[in-house]
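Going down the list, the protein sequences come from chains A and B. Residues in the first sequence are numbered from 2 upward in steps of one, following the working numbering. Residues in the second sequence are numbered from 2 upward in steps of one, following the working numbering.
Just so you know, not all the hints are guaranteed correct.
[To be verified] Now the stretches of chain A that chain B is said to cover, found in silico as 3 or more residues with beta-carbon under 8 Å:
1. 36-47
2. 104-112
[Claimed, not checked] Here's a subset of chain B near chain A, in silico, CB distances under 7 Å, partners left out:
3. LEU99
4. MET309
5. VAL313
These are computed hints drawn from the structure, not numbers from a lab. Bear in mind the structure is a predicted one, so any value in this text is a computation, not a measurement. Here a beta-carbon is modelled for each residue, glycine too, at the ideal position from N, C-alpha and C.
Protein chains: 2
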Amino acid sequence: MTTANILCLCGGVGGAKLAYGLSRVLPADKLLIVVNTGDDFTHLGLRICPDLDSVMYALAGINDQQRGWGMAGESWQCMQMLAALRAPTWFNLGDKDLATHIQRTAALQQGLALDEVTRELSTALGIAHRIVPMSNDPVQTVVHTTAGALPFQDYFVRRGCQPVVTSISFRHSDKARPQADFARALASAAAVIICPSNPLLSIDPLLALPGVRQRLARRKVFAVSPLIQGRVVKGPAAKIMQELGLAVTHATIARHYQDIVDYLIIDEGDRDEIPAVYESGVQALALPTRMQQAEDKIRLANHIIQQMAAVV
Amino acid sequence: MTTANILCLCGGVGGAKLAYGLSRVLPADKLLIVVNTGDDFTHLGLRICPDLDSVMYALAGINDQQRGWGMAGESWQCMQMLAALRAPTWFNLGDKDLATHIQRTAALQQGLALDEVTRELSTALGIAHRIVPMSNDPVQTVVHTTAGALPFQDYFVRRGCQPVVTSISFRHSDKARPQADFARALASAAAVIICPSNPLLSIDPLLALPGVRQRLARRKVFAVSPLIQGRVVKGPAAKIMQELGLAVTHATIARHYQDIVDYLIIDEGDRDEIPAVYESGVQALALPTRMQQAEDKIRLANHIIQQMAAVV
């Protein structure tokens, strides 16, 4: 295991917690963190990649743990002035966070690809581990609701996840190529970890890229369920599962991932759900999955790496 | 005079003081403020119009009078983060000021012309008077120095006006059309006021636009000299005049403007220079031109309007 490469698939804030933990227990050259870009959008001319930023800020240790998103020590002077100038203000733009969006947008305009920009930003933030976008090609998560088809940020931020979801699609995903390091890891990684991000909104965009599901099916894949005692720590995963007529259980998560996942890691308090997970053809591992402090994140990462060592 | 239109030609901070004064003594529909855009540039993907912003902030009463530029109550969180991200930091971007650049850039990208964007920003800031860019077409002030040809902001901000100036040119000014309101006022204004901005750097770009000099020559034009006792209040005008071998006197300013200006307004403390001004074929008026407090700006504006009423 020590010389093998670990591929980590990650969404935003929830996934970033485990990505942080993994970055603390694995050397930089053994871990590749691939991040959802289906939530990316252009707002006020700025290219915003919320999940990439969440993962970068978490690994750089500059994320706001109290608020749960964005940068620590953030201020909102630009935002207030934008409001005075009658700009749309439904998407929060912190003064510090803006620097990332400005620098990224300028670099993209200069012709750099998103993975190159992400490497430059990560390096500047002192991050040794590799964080890459799932693709340099744009993919747009579209949330189909009883209020119509909504771009992700429109659903998630502007409407606060209120509309009832009927389905989710990933525009242009059929034409988007997996980022180069991601593609290589899909062919060679000793094991894959799917972070406890929203499977439907944050992980499915990665799985929708051409060839990803097929190639993951050939790897040892460990997914961490985002559910704890029938709830999610944060976000609309449970609400959406209910709206889609799915039971909010680990077995549902296991069935969702059953063609690619070998082991579903569920919270140790949910051991009674292990038999139902097994029934879907996925093995279950019970571990402490609640991550509040840095120690929790590192402990879960260590547990997973140990379990992997036993089976890979 | 009360029904006549006043056309005000203006650069940045220095000119904005008189523009503010004029806006306090003339009704909104009697004054058109035309602003230099030769200093405009694109930085980190943001379109920045320093002189338009200085005039807008001054008229909106949100300019920082202590620092002399930018917005009052400014903070620099984004700037510090940009530095951490290794972005260029030679041009100051305040958190509040950024809102203007972001909103303007987004509006221009959506296809609005600079004068339309400026009207929207002005309206949002509660400015009743009309502020327009000299042209919607890009003009670039280039400062030719012994260190080479430098874009204006490179000379002015990055190099702090240190290089020795040999000449100044206005790139694309031959193809740039005066903004529509500006063009109309050139044909109809009862009088024109040239603010005490840097004649070589801030006013000459307006005069370089096709037809402007010729049409100004047919109007009654009052220019306020930026010199007071052989010095400028702010900026490199005196330094550049010396580098170009020009005496730092009101007579030099008068000769510079002699084909278009009827009256040069000099500071009341410089009355001894009146004969030299007359020798250049321009009439001289001595008024208190030092503007520190709002009262000074309003008083000078009132004086000028009264002088105009006597001769127009």
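Do the hints match the structure? See the list:
{"no.": "1", "hint": "36-47", "in the structure": "holds (count 3)"}
{"no.": "2", "hint": "104-112", "in the structure": "holds (count 4)"}
{"no.": "3", "hint": "LEU99", "in the structure": "holds (5 Å)"}
{"no.": "4", "hint": "MET309", "in the structure": "violated (34 Å)"}
{"no.": "5", "hint": "VAL313", "in the structure": "violated (37 Å)"}
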